[in-house]
Amino acid sequence: MRTNFPNAREDGNMISCIETVLVYNEFFSFLEERFGRRAVEEYWRYVADTIFREPRRIIEKEGLDGVYRYLRDTWKEEGDTFEIYRDGSSVTVDVKSCSSIGTLNGARHVRRYHDYCGHCLIMYRRLFSSLGYDFEMEQIDPARGMCRVKVTRKS
Amino acid sequence: MDKPLKYGVHKDFHLLTAGMIQYLEEKFGHDELVYFLKRVAETVYVPLVDEIRSRGLDAIADQVAYAFSHEDGLYNFARTEDSLQVRVTRCPAVWHLKSKGEKIPRSFCEQTRVVMREVCRQAGCSFHIEFNTEQGTCVQTFRMPEKMGT
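Residue numbers (the working numbering), protein chains in the order written: chain Z, 1 to 155; chain W, 1001 to 1150.
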């Protein structure tokens, strides 16, 4: 199964919470400057454990179908451009243009946190690992918001 | 009169904002939360400060109208030459958190109070807010300084 999702914001149907991305980015910088990198990663794990209750519920109920549905629906709603595939044991997403990175690149008054993409890796790895899945993320071009993620059911 | 609604925002981002506020206050204390929110005003909201300086309170009215028209919020304006009152009758953030069964952080509405107060201080106007977090309502009042000789 393979589905393409062009950037939904370009056709005017979808507007992300742009300010949240900028505030989120600032929060990472703030935590690192005040309390060190460890505090940033600790916060990302906190998000996975406490805020991701809905994806946890969906994936626990629907398994790999839930992984596919959650990633497809969430990233589509956020306005990302991506292709998503699934086979019998994994879901792969090729992100052509991450909307959050697009927002950060467009906000010249905001300094991008040096490892903004790291939050996806640590948060999702923790979430999926706790549900019985491996999470891999290849940062193809972080400056342009291109990456590939793969969620594989642990054997 | 309350404004109509539109849809199409990733509203779960409000969970992240609530999580930031909750985490920061619980782990590092209220002062750190206020410090962070002031920093947000000084960085993220620089364009709004500039807009207020050049266009006055119309910039704030446009900002509120844009956000609320896309976020399932209800509000009305009361406008004079030197003031703008925004009466929020349904805060989209509070309502979304409630719809998800989420607990609303004790200091959730501090984000508006601290950020907008700082934005207005930098832009040269004043800001006052009365809010009811549980009900998701607030009244925000913005005032431009009185002109000399008037």
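FYI, nobody ran anything at the bench for these hints, they're computed from the structure. There may be inaccurate statements among the hints.
Among chain W residues calculated to face chain Z with C-beta under 8 Å, some are [claimed, not checked]:
1. H1010
2. L1015
3. L1016
4. T1017
5. Y1023
6. V1034
7. R1039
8. A1041
9. C1125
10. S1126
11. F1131
Just so you know, even glycine gets a beta-carbon here, dropped at the ideal spot from N, CA and C.
Each hint tested on the structure:
1. H1010: 5 Å, holds
2. L1015: Check passed: Cβ of W/L1015 comes within 5 Å of chain Z, closer than 8 Å.
3. L1016: 6 Å, holds
4. T1017: Cβ of W/T1017 sits 6 Å from chain Z, so the hint holds.
5. Y1023: The hint holds - W/Y1023 has a Cβ within 8 Å of chain Z, the shortest such distance being about 6 Å.
6. V1034: 12 Å, violated
7. R1039: Interface hint status for W/R1039: holds (6 Å vs cutoff 8 Å).
8. A1041: Violated. Min distance 10 Å.
9. C1125: Violated, about 20 Å.
10. S1126: Nearest chain Z Cβ about 22 Å off; hint violated.
11. F1131: With a closest approach of 19 Å, the W/F1131 hint is violated.
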